[in-house]
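Asks: Residues per chain are reported as follows:
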Amino acid sequence: MALTGRAGLLALAGALVVGLLLPSWPGVLAVTGVVLAGVGADLLLAGGVRRLEFGRSGDDAVRLGAEAEVALRVANPGGRPVRGVLRDAWVPSAGAVADRHRLHVPAGEARVVRTRLRPTRRGDRPAERVTVRSVGPLGLAARQGSHEVPWTVRALPPFHSRRHLPGMLDRLRELDGRRAALVRGRGTEFDSLREYVTGDDVRSIDWRATARAADVMVRTWRPERDRHIVLVLDTGRTAAGRVGDGTRLDAAMDAALLLAALAARAGDRVELLAYDRRVRASVQGAGQAELLPSLVSAMAPLEPELVELDARGLVREVLRRTRRRSLVVLLTGLDPAPLEEGLLPVLPSLTARHRLLIAAVADPAVAELARGRGDAESVYGAAAAERTLAERAHVTALLGRHGADVVDADPGALPPALADRYLTLKATGRL
Amino acid sequence: MTAADTSVSPDARRVWRAARAPVVIVLAVLLTGVVLVLARGGGDAALDPRSYGPGGTRALTRLLAEQGVRVEPVYSSADADPAGATVLVARPGLVEPDTLAALARRSAHLVLVAPDEAALEAVADAVTTAGDGQLGTEARPPDCALPAATGAGVAELGGTAYRGPVTCYGGGLARAGDVTVLAGGHPLTNGALAEEGNAALAMRLLGAHERLVWYLPSAGDPGLRDGDRSLYALLPRGWVFGAVQAGIAVALLALWRARRLGRVVTEPLPVVVRAAETVEGRARLYRRAAAADHAAQALREASLRRLRPLAGLGRDAAPETVVAAVAARTGRAPAEVGAVLYGPAWPGGPPPLTDDSQLVRLADALDALERESEVRQ
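Line order of the protein sequences matches chains A and B. Quick note: the first sequence uses full-length UniProt numbering, first residue 1, plus one each step. Quick note: the second sequence uses full-length UniProt numbering, first residue 1, plus one each step.
Among the hints, a few may not be true.
Derived, one-sided and incomplete: chain A residues facing chain B with beta-carbon distance under 7 Å [said to hold, decoys possible]: (1) Leu9; (2) Gly14; (3) Ala240; (4) Gly241; (5) Arg353; (6) Arg355; (7) Ala365.
Quick look at which bits of chain B chain A covers, simulated, 3 or more residues with Cβ under 8 Å [as the list claims (entries may be wrong)]: (8) 29-36; (9) 145-158; (10) 290-298; (11) 301-310; (12) 360-373.
Partial selection, computed: residues in chain B whose CB lies under 10 Å from chain A [as the list claims (entries may be wrong)]: (13) Arg204; (14) Arg282; (15) Arg287.
These are computed hints drawn from the structure, not numbers from a lab. Remember, predicted model here, so these are calculated numbers, not experimental data. Where a beta carbon is used, it is the ideal one built from N, C-alpha and C, also for glycine.
Next comes chain A alone, as it looks inside the complex (with noise of 0.2 Å):
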């Protein structure tokens, strides 16, 4: 049961009666059983929450930053009406904008409420439960009760480097022919022969061929397709590091799904592996239809674990997975002492099958502490993060004489770098 307002505004009225009229404990007696007896009587007539039937549909997957909507039907099987309030509550990050809806459902009647959620957090929201407080007819007390309904909005990550990916796809179409003419050195995948035109570099002429037809025909080329990339998220500690607006896992995220989506759209096929000293996440074997709504939803409730990678488990996992030489994306921090111990030892393992690519998060904090000058404080800030990218520096040096490419940018710059690089490898044919 639940009061309300007015219970108490008639005792605080009563309190007139009393003081004037009846000023006795007699007089407050008959008050308070006045105000009582109503309250009894809401509580009789009041229509019954404990048989409310409860039903969801709606939304159930929202890119983080957009609005979800989740309706909710209540039915009403009592003989009485039930007027008051409905809470909806949802966990605090799912952003219910307003969980709290005004209810009247008459006797054997139904209807539906809206929830508009705008989650905070990516991950699975789920919905708390349904209370309901159903208000007699004299509005003095209510009968209130809860109920389980249980649903789950799951916020996808947003994606926000979506917005590289027209000029990324412009560069694969440029590679891949279908824009400009095709010219040696483009690719490394013989295409066809086609006739000579004017402009077409000379050394791609192809001799036999052109003793056996009329004309001068030139070999053309396109870039390797049908290859493997893996993309490797480490969701171990150095993930959990703020920097920036989020967190290193989330622009991990964000640089892996657009090199995913570059990657499809040029018929590469990508593979998803989200690591710390188990798999978290996998994505194996996804069409390029369904390849980038399987990630974001693979992706979506990774959280960073307090953990150290297992680098030496990483990579018997990844060599595990593929056969074939693929390139191996690794999304990670670039922290000396982690990589130095763990991932240093075990590299040449991986980089015998496959090629390394490592794509490092780095801090703007760091780089604009470097450049603090003027008093003693900014200036030892600046020696230390000059100490930090030294090591930075050092470690990317030591990736690269073991065969690892290393791609280490802030987290904005980090998506389309990584696409670049990726380009870059495809361009050359080095995947």
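Chain A is fixed; fit chain B onto it per the hints.
Replies: Just chain B now, kept in the frame of chain A:
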């Protein structure tokens, strides 16, 4: 989207919107109370000379004033000046017996309305409460020789019956020396003054001297008995029970506000640490350890890392080569460039840095060198 849409903290308008209903209601209740109290004639405090209500004594004091008696209503024993005056104590049961005794000693005539045993003992041991107790409020003849009573004739006195050296109205009035004890204040009140000989009795009793001190004990009076020195005992019953009912209302309102619409929803939050925290920690560590030279080394190496490619040199270039190249680009003396870039490691270079101001100057010098290297040529 404006800032107002996303803000969740209440602004002035929302606070007002939430508070206005309770404020209006409380104001309405107070206003109704005030209006009703005023409509009922300025309060109904028993035997209060200011009160126009049936229990007040405004009429009697006006009558006395017209007869030339100066009526001084006092609400605290400290304000009372009893010398040579008639003193009426409206509720002697609340007053400390010693205070009453002092009043009795200094006044010309003391009138007590329904005193208890303790009060009687202090000022008039000759008067006692009668064994048969209560006296109904009805018209009685005086039945005694007291001039004030015989002159007034039939009067209505009721309450506790007393016995004294002089006893009138069947115990409704007792006299011992300069002390008169009344069984109740009924004949003095506005409501009963016009009945029978009430007015005459009251005038004769209280108008004998030129001044009448009307002592009505109130809250805060230093002469009050310990146990009764509370506001509660002196408040009119209407206020007390009105407050009790208001308390019940407040409890109900609290129950209304306290009841949540469903339980509090909790959720685990992810661990988020600023990634640059370790770098900042290292900076503070340098500073606390006063490792100016160590920090200088880091800054110099960073500058060298940027300068070498500018000068077209590799990572392993010898200091002399680097200094010569940079000196050539900037037009500075090699010794000066070497001292800035390599510090103590440069032959003839400066000693290791020892304080923070030197470090700040070095950072600026390195910046200048890099700037000049970029600009020249």
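Asks: Evaluate each hint against the coordinates.
Replies: To see whether the hints hold, each was checked on the structure:
1. Leu9: 6 Å, holds
2. Gly14: Hint holds; A:Gly14 Cβ to chain B Cβ min 5 Å, cut 7 Å.
3. Ala240: 6 Å, holds
4. Gly241: Given a least distance of 3 Å, the restraint on A:Gly241 holds.
5. Arg353: This hint is violated: A:Arg353 lies away from chain B, its Cβ roughly 30 Å from the closest one there, beyond 7 Å.
6. Arg355: 25 Å, violated
7. Ala365: Holds. Min distance 4 Å.
8. 29-36: holds (count 4)
9. 145-158: violated (count 0)
10. 290-298: Check passed, 4 qualifying residues.
11. 301-310: With 3 residues in contact (Cβ-Cβ under 8 Å with chain A), the coverage given for the stretch 301-310 of chain B holds.
12. 360-373: With 4 residues closer than 8 Å to chain A, the stretch 360-373 of chain B meets the three-residue bar; holds.
13. Arg204: Because about 35 Å separates B:Arg204 from the closest Cβ in chain A, which is outside the 10 Å limit, the hint is violated.
14. Arg282: 4 Å, holds
15. Arg287: 4 Å, holds
Consistency note: the structure conflicts with the earlier hints numbered 5, 6, 9 and 13.
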